[in-house]
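> Those protein sequence lines, which keep their order, are chains A and B. So that you can map any letter, position 321 of the first sequence is 321 in the working numbering, and since no number is skipped, the others follow by simple counting. Just so we're on the same page, the working numbering is the position in the second sequence counted from 1, plus 1000.
Hints listed in this document are in silico derivations from the structure and should not be mistaken for laboratory results. Any given hint might turn out to be false.
[What the hints assert, rightly or not] The calculated lysine-lysine pairs, modelled on DSSO-like cross-linking and capped at a C-alpha distance of 30 Å, are:
| # | chain 1 | residue 1 | chain 2 | residue 2 |
| --- | --- | --- | --- | --- |
| 1 | B | K1056 | A | K307 |
| 2 | A | K46 | B | K1269 |
| 3 | B | K1321 | A | K307 |
| 4 | A | K181 | B | K1270 |
| 5 | B | K1270 | A | K46 |
| 6 | A | K46 | B | K1056 |
| 7 | B | K1213 | B | K1203 |
Nothing here was measured: the structure is a model prediction, and the numbers come from that model.
One-letter residues, chain by chain:
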Amino acid sequence: MAQMTMAKALNLAMREALAEDPTVLILGQDVGQDEGVFRITEGLLKEFGPERVIDFPVAESAIAGVSVGLCIAGYKPIAEMQFSGFGYHAFHQIENHASRFRNRTRGRFTCPMVVRMPYGGGIRAIEHHSESREAIWAHLPGLKVVIPSGPRNARALLRASIFDPDPVMFYEPKASYRAFKEEVPDEPETMEIGKAHVVRAGSDVTIISYGASMRPVLEAVDELVDEYQLDPEIIDLLSLVPLDTETITASVKKTGRCVVVHEAPRNCGPAAEIIARIVENALEFLEAPIQRVTGYDLVLPFFNLEKPYMPDPTKVITAVREVVNY
Amino acid sequence: MPRKKIELENHVESLSILDADGNADESLVPKLEPAEMRKLLRGMLLARRYDERMLKLQRQGRIGTYGPALGQEAASLGPAYVLSKNDWMIPSFREPAGMLYRGWPMDKLILWWGGNETGSSVPEGIRDTPICVPVASQCLYGAGVAWGCKLRGDGTVALCFVGDGGTSEGDFHEAMNVAGAFNLPLVCVIQNNQWAISLPRKKQTASSTLAQKALAYGFNGIQVDGNDIFAVLTAAGEAVDRARRGGGPTLIEAVTYRLGVHTTADDPKKYRTEDEVEAWKCRDPLARYYKYLKKHGILDDKARDMMEEEIAEEITAAVEKAERYEPDVLEPWRYCFATMPNFLEGQLEEFQAYLESVSGGEGRSNHKRSELSENVH
Ligand SMILES: Cc1ncc(C[n+]2csc(CCOP(=O)(O)OP(=O)(O)O)c2C)c(N)n1
Ligand SMILES: [Mg+2]
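Between the sequences and the hints, there should be enough to build the whole structure, so can you do that?
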């Protein structure tokens, strides 16, 4: 066991995969010589060489499209979009090809690729560097959408995504890259994609979140417990597609109350699907309307005004209290 | 039936007028009044000192991440200089010299890097789009603006900037193709500063020049010494004239160098040598131009010192103005749509209640909801 940040843990997962499987490749802007603008690919060019860790021209559509072709040719590319805000260029190749090749060719050609991208706010970045647009990908049939929240699950989920037989959009909460450390096992560890994690068992209310917004949720716990004598159950989804309907439903059946938290805008956001699943499966157990703490349906302001526009513990506590006092 | 070489209608040239030591080919030096020559120096010097001050402000935490354009002053000022006020300029993110020359208030640029949308809100009367972050995306709306110029038929043109890295994006290719196919009055200046973050120009494309890409789109390309203000002015001036006369687009590759960091979040030591940077410092656009002006008695040290003082004051005033700015926390609601839809009104109420809860009421702006619903632009 070693203590490490999410940045190191992601690096470890890629190093292990590159070492184990000669078909694993990394493609992205500044991932080699520069070791990634967030240093996530540190040391990998040195260790595995420029044929496996590839510094790519500034062309996201090409990174995605070439990755599809590499898959067809028998490789497992890990494609990096430098920021999720520039992943839109890759949309066309991912929607029209990566997500469909298995179906189009009835399984003859598949796309076991991962598209990694840092997402989310809170780092005083310039325009287009802070959005949370994971819902866009979750809408596309044929893609998995995985979002870790801490070092240990990041390492295990990235490994699972690299070796998953289908394309995985891997959203990395960049504000958490170096925010805290965790024990990570020495041996390669994997996790089943599509299983949520009950971070804290409780009986009064279910709080559901993932990725970057797990932090404001967890920061709200002490106050909910000490100040308001509440016993919240907290679920970290870890994956939006597949979504762990079972864990969510079981929890809401137990607590009867629910708050969903994410940084992404509200309209057609992940919370909308989560709540739909609850309504379909546990409507008669609900004792209060479900609340959403999300980004607003606005362009996320530049960093000087960003803070009040993001989920924070105050917003989580307000929503939880409304739900329990209903 | 035979196999033969295809002769292309278009050509690619290269142009350099003022060398690194300040010697010029006088037959090629553009005809400029001494006052204009001094104005050009001032434009470059202003951008240089602005960049230096911004780097300082960044270190002091007074702005966010900053991307300086040190060494690229001639490449961005020259093309802006040949435009008329009614022409359009479509910058990328490394054109402070051009933007300041075109009349962008410096405090707006400081505010942009300080994390405020107002830095993108260009004052009325300036036909420039704001700083554009998604690499090369500006080339496409640049082509659209040029199309508008053509449709209106008023002889205006559009100038867009892009980096060497940007030429790898599909958006760049599509914009150039459209510009050629519709014979648009678009001048595209590639600031080839040799690096796209850590990727050197040679690894960006197998093309031996970026200017030659013009041939594939059916128009002329020219590679100029981008640290030579005379060469940049000449090439841009000819391109703008041609576009104005209906002669279509031009691609200008300005060969320059990013003397500084990519942004303050970047460490160039990881990918390039000090020797390389030092070699390019000897080709500084400002130093060589100043040598030329001095040699020709157009400017002396005393006049330059005065210019420096004036510039320092101008920058200090802009910093002070920028730092007096107080953002309105409710402003984002006003600009998402022309009229705020109902579902957003509900979210706004929620947001205002939140502000009140965290500030004990002080955070509540005195805007009424109805005021916010009425968009001013
Ligand atoms: C579409 C897009 N992809 C990636 C980035 C991240 N990024 C910012 S600048 C840059 C390199 C651009 O190089 P170049 O076009 O040469 O411009 P320079 O930075 O040298 O001025 C990259 C990859 C971005 N801003 N937009
Ligand atoms: Mg460049």
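> Each hint should be assessed against the structure and marked as holding or not.
Quick rundown of the hints versus the structure:
no., hint, verdict
1, K1056(B) - K307(A), "holds, 25 Å"
2, K46(A) - K1269(B), "holds, 16 Å"
3, K1321(B) - K307(A), "holds, 23 Å"
4, K181(A) - K1270(B), "holds, 26 Å"
5, K1270(B) - K46(A), "holds, 13 Å"
6, K46(A) - K1056(B), "violated, 34 Å"
7, K1213(B) - K1203(B), "holds, 16 Å"
The structure fails to meet hint 6 from the earlier list, while all remaining hints are met.
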